[in-house]
Amino acid sequence: SQTIHQWPATLVQPVGSPLSLECTVEGTSNPNLYWYRQAAGRGLQLLFYSVGIGQISSEVPQNLSASRPQDRQFILSSKKLLLSDSGFYLCAWRGPGSNQPQHFGDGTRLSIL
Amino acid sequence: AQSVTQLGSHVSVSEGALVLLRCNYSSSVPPYLFWYVQYPNQGLQLLLKYTSAATLVKGINGFEAEFKKSETSFHLTKPSAHMSDAAEYFCAVSLQGGKLIFGQGTELSVKP
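Quick note, the sequences are listed as chains A and B, same order. Read in order, the letters of the first sequence are residues 1 to 113 in the numbering used here. Read in order, the letters of the second sequence are residues 1001 to 1112 in the numbering used here.
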């Protein structure tokens, strides 16, 4: 069966520090991968998605970037964190076929001090 | 353009009562629709999905949803609420290419 892993589960970082969040998927090949941010008390905002290695689409201009160095690995990064980057970050994967649901990881709670 | 509206950001029911969470969508093409549940500090878990087969869809944990094209609705129901159902619920519609548009979520509280 397929599984998705995100780490770390929680992270506290100072303003201006770099960021790297990692997401990996097991048990499937060539998944579509997604990064979302969920601000407190709000819905989900799609940040990036990827349909293949090295292929990244950005949904909103921001202080973050994403990379997909391997088929089942998706990384969210920042060179300098802002206070507004705080939130709950979720990674998701989806198999082929537009009727397939997305499956989510357990998320990373990022607090910027 | 596709969109999702969840009516009521917060719903409170008594244990054993009917749960009804409302979702209306806007889509120019036949939609694929999903309900997800999120417990505190966790990711989203798929409850059920509508993919143009049966209009009444049964999901996990006793939930079901009915697709009504004439009303552009996909409301989530459960006959009898349990304390463990307290969580945030999200309705979503799938765009071409598999991206999802989520509603703003409905927080369900269950009173003993």
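By construction, these hints were calculated from the structure, which means they are not laboratory data. Beta carbons: idealized from backbone N, C-alpha and C, even for Gly. Mixed in with the good hints, there may be bad ones.
To be verified - Estimated spans, in silico, between C-beta atoms of each pair:
id, chain 1, residue 1, chain 2, residue 2, range
1, A, 51, B, 1060, 20 to 30 angstroms
2, A, 26, B, 1060, 17 to 27 angstroms
3, B, 1028, A, 12, 35 to 45 angstroms
Stated by the list, open to error - What the simulated footprint calls covered on chain B by chain A, stretch by stretch (three residues with Cβ under 8 angstroms from a Cβ of chain A suffice, anywhere in the stretch; the number is not a length):
id, stretch
4, 1019 to 1029
5, 1035 to 1048
As the list claims (entries may be wrong) - When the alpha-carbon atoms are kept at most 25 angstroms apart in a straight line, the in silico DMTMM-like pairs for lysine to aspartate or glutamate are as follows:
id, chain 1, residue 1, chain 2, residue 2
6, B, 1099, A, 85
7, B, 1099, A, 26
8, B, 1099, B, 1066
9, B, 1099, A, 71
If I claimed the Cβ atoms of residue 51 of chain A and residue 1060 of chain B lie 20 to 30 angstroms apart, would that claim hold in this structure? holds, 28 angstroms
Could you say whether the range 35 to 45 angstroms given as a hint is met by the Cβ separation of residue 1028 of chain B and residue 12 of chain A? holds, 44 angstroms
Chain A covers the stretch 1035 to 1048 of chain B, three or more CB atoms within 8 angstroms, holds or violated: Coverage by chain A holds here, the residue count being 7 at a Cβ distance below 8 angstroms.
Given the hinted pair residue 1099 of chain B and residue 85 of chain A, is their alpha-carbon gap at most 25 angstroms? Holds: residue 1099 of chain B and residue 85 of chain A sit about 22 angstroms apart, inside 25 angstroms.
Hint check: residue 1099 of chain B vs residue 1066 of chain B, CA-CA at most 25 angstroms. Holds or violated? Distance of about 22 angstroms is within 25 angstroms: holds.
Are there three or more residues in the stretch 1019 to 1029 of chain B whose C-beta lies within less than 8 angstroms of some C-beta in chain A? With 0 residues in contact (Cβ-Cβ under 8 angstroms with chain A), the coverage given for the stretch 1019 to 1029 of chain B is violated.
Does residue 1099 of chain B pair with residue 26 of chain A here, judged by a C-alpha cut-off of 25 angstroms? holds, 21 angstroms
Run the distance test for residue 1099 of chain B versus residue 71 of chain A: straight-line Cα separation, threshold 25 angstroms. holds, 18 angstroms
Range hint 17 to 27 angstroms: satisfied by the CB atoms of residue 26 of chain A and residue 1060 of chain B? holds, 22 angstroms
In summary, the structure is inconsistent with hint 4 from the numbered list given earlier, while agreeing with all the others.
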